[in-house]
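Trainee: As given, the protein sequences belong to chains A and B, one line each in that order. Sequential numbering of the first sequence, starting at 1, is according to the working numbering. Sequential numbering of the second sequence, starting at 253, is according to the working numbering.
Do not rely on the hints blindly, as some may be mistaken.
As the list claims (entries may be wrong) - Straight-line alpha carbon distances no greater than 30 Å define the calculated DSBU-like cross-link-like pairs of lysine-lysine that follow:
1. B/LYS426 - B/LYS458
2. A/LYS147 - B/LYS426
3. B/LYS458 - B/LYS365
4. B/LYS485 - A/LYS147
5. A/LYS3 - B/LYS485
6. A/LYS115 - B/LYS365
7. A/LYS147 - B/LYS352
8. B/LYS458 - A/LYS195
9. B/LYS365 - A/LYS17
10. A/LYS105 - A/LYS17
11. B/LYS468 - B/LYS352
12. A/LYS163 - A/LYS3
13. B/LYS426 - A/LYS3
Unchecked claim - Some chain B residues near chain A, calculated using beta-carbon distances under 8 Å:
14. ARG309
15. ALA400
16. GLY401
17. MET404
18. ARG405
19. ARG479
20. VAL483
Calculated from the structure, these hints are not laboratory results. C-beta: ideal position from N, C-alpha, C; glycine also.
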Amino acid sequence: MGKTIVVPGDIVSDNIKMSGSGTYVRDGEVCAAVYGILNAGDRYISVIPLAGKYIPHANDRVIGIVTEVAYSNWIVDINAPYEGVLHISQYPQRIDVENMSRYLKVGDCILTMVKDVDAGMRVELSFRDRENRRLDDGRIITIDPTKMPRVIGRSGSMIRLLKSEIGCGMFVGQNGRIWINGNDDRIDLAIQTVKYIEDYAHTPGLTERVQAFLKAKQKTRYGRTHESAESVEHVKSAESTEGTDEVRNGNE
Amino acid sequence: MSERPERFIIDGKRLDGRSFDELRPIKIELSPLDRADGSCYLEWGRNKVMAAVYGPRELHPRHRQNMTRAVVQFRYNMASFSVDDRIRPGHNRRSIEISKVSREAFEPVIFTKFFPKTAIDVFVEVLRADAGTRTAGINAASLALADAGIPMRSLVSACAVGKVDGEIVLDLMKEEDNYGEADVPVAMTVGEEITLLQMDGHLTPKEFYKALELAKSGCRQVYELQRQALVEKYNKDYSVDEDDARSDAGGDSDE
């Protein structure tokens, strides 16, 4: 696969109508705005960045960590340059202001959704959805948010592969945090695999590569710990974020 | 401090054997620092500089936040051991000035509007100085910014020109800088928009324009090297891949 790498300032097209994400228009030409991989579509040319921070947008599903319990708000770290604010009224049940930390206290991890981001970059979080909840078990790892689409795969193919092959629960937040649940061995394997995906995120044929990686890993693992592997509880995890347009765009 | 040489140009060559329009050799290493969002180590002749970029990240104190754009913070610092005579560590008049002009070399290029209320921090440490550290720092910082995935209109490339023995020469080395007649650092984008231009010493208007053209050609050469480094980082990762995947899988079955 011929993947072209571009650096900021490279001219990528002379048709300004083609200007997509990661590009800008200068003197009637479309130029790359970030260091990344050129993604030339039929209608738009965009550049997929190779690095960068997570910037919150409305309807993003993210994994946050409560950092502060303020008056009628929880302040949540969402792995972005901006802090998330979860209002007490967003909690599914009525809570008294005095009792807030009984429900969510500092250090709690939550699966939440970005409700709205205003012009002043105040990030309002929502906790109403049935899928939003506190994460009491499992482990959370953080990867580069720009690599997150590769962990999900095209319309969720990669995450499905990981869940079924490893047999663990997994949720990939758009902010680059990944929650993994299951027995310890499987979590370890899942983390190794995710790190592997992160390292090779820019390479073609990633799914096949990961399949081979898992096969090699599991050959040894199952030979040694067959019993524990059998008794793993299959955790019903929240469905992946497969539907979002952003994710789809991110995968070629 | 080295002695003033009697002549800077002997038989049409400079002290280190370069011609008038020749750069010192440049070596670039991308992402040497794990904890930074983007980083670059650059050697330029006998200069050694390290640049690190953090951000966009929350800016404190809060009153310095800008509601409409990101604030760029640039810190240029010379290590106390970077020159022959140890210098006092920390900020001084010179480093504050260089930090300011370097910051201004990047501010028009970075899409700061994308990240209101945040800070983009750039740190440049000079580990060894041998004339032209501000241009080396800008070149390294430009790559570190790209490496951090910061959206920019263009890379910034910088290069100095000067005058020694009545000749306009590109990329001054230490003796030429210390005892030369003029030193003109220039930074520009791919579109040849100049973001930094300073002058120390004296040039006639005619000499100045000649120097500027020479500086631009130097910047273009630097730009090619910067671009090459960024493209190669990816290509290198990519080819290492294949072997890694195999040795990874192989190694594990041995465990």
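Trainee: All the hints need checking, so say for each whether the structure fits it.
Mentor: How the hints compare with the structure:
1. B/LYS426 - B/LYS458: holds (25 Å)
2. A/LYS147 - B/LYS426: Roughly 44 Å between the alpha carbons, so the hint for A/LYS147 and B/LYS426 is violated.
3. B/LYS458 - B/LYS365: Violated, at roughly 39 Å.
4. B/LYS485 - A/LYS147: The given pair, whose Cα atoms are some 17 Å apart, holds under the 30 Å limit.
5. A/LYS3 - B/LYS485: holds (14 Å)
6. A/LYS115 - B/LYS365: holds (22 Å)
7. A/LYS147 - B/LYS352: Not satisfied, since the Cα-Cα distance of roughly 34 Å exceeds 30 Å.
8. B/LYS458 - A/LYS195: violated (58 Å)
9. B/LYS365 - A/LYS17: holds (22 Å)
10. A/LYS105 - A/LYS17: violated (49 Å)
11. B/LYS468 - B/LYS352: holds (22 Å)
12. A/LYS163 - A/LYS3: holds (29 Å)
13. B/LYS426 - A/LYS3: Cα-Cα ~42 Å, so violated.
14. ARG309: The hint holds - B/ARG309 has a Cβ within 8 Å of chain A, the shortest such distance being about 5 Å.
15. ALA400: holds (6 Å)
16. GLY401: Since the shortest Cβ distance to chain A is 3 Å, the answer is holds.
17. MET404: holds (4 Å)
18. ARG405: holds (6 Å)
19. ARG479: holds (5 Å)
20. VAL483: holds (5 Å)
Of the hints listed earlier, those the structure fails to meet are numbers 2, 3, 7, 8, 10 and 13, in rising order.
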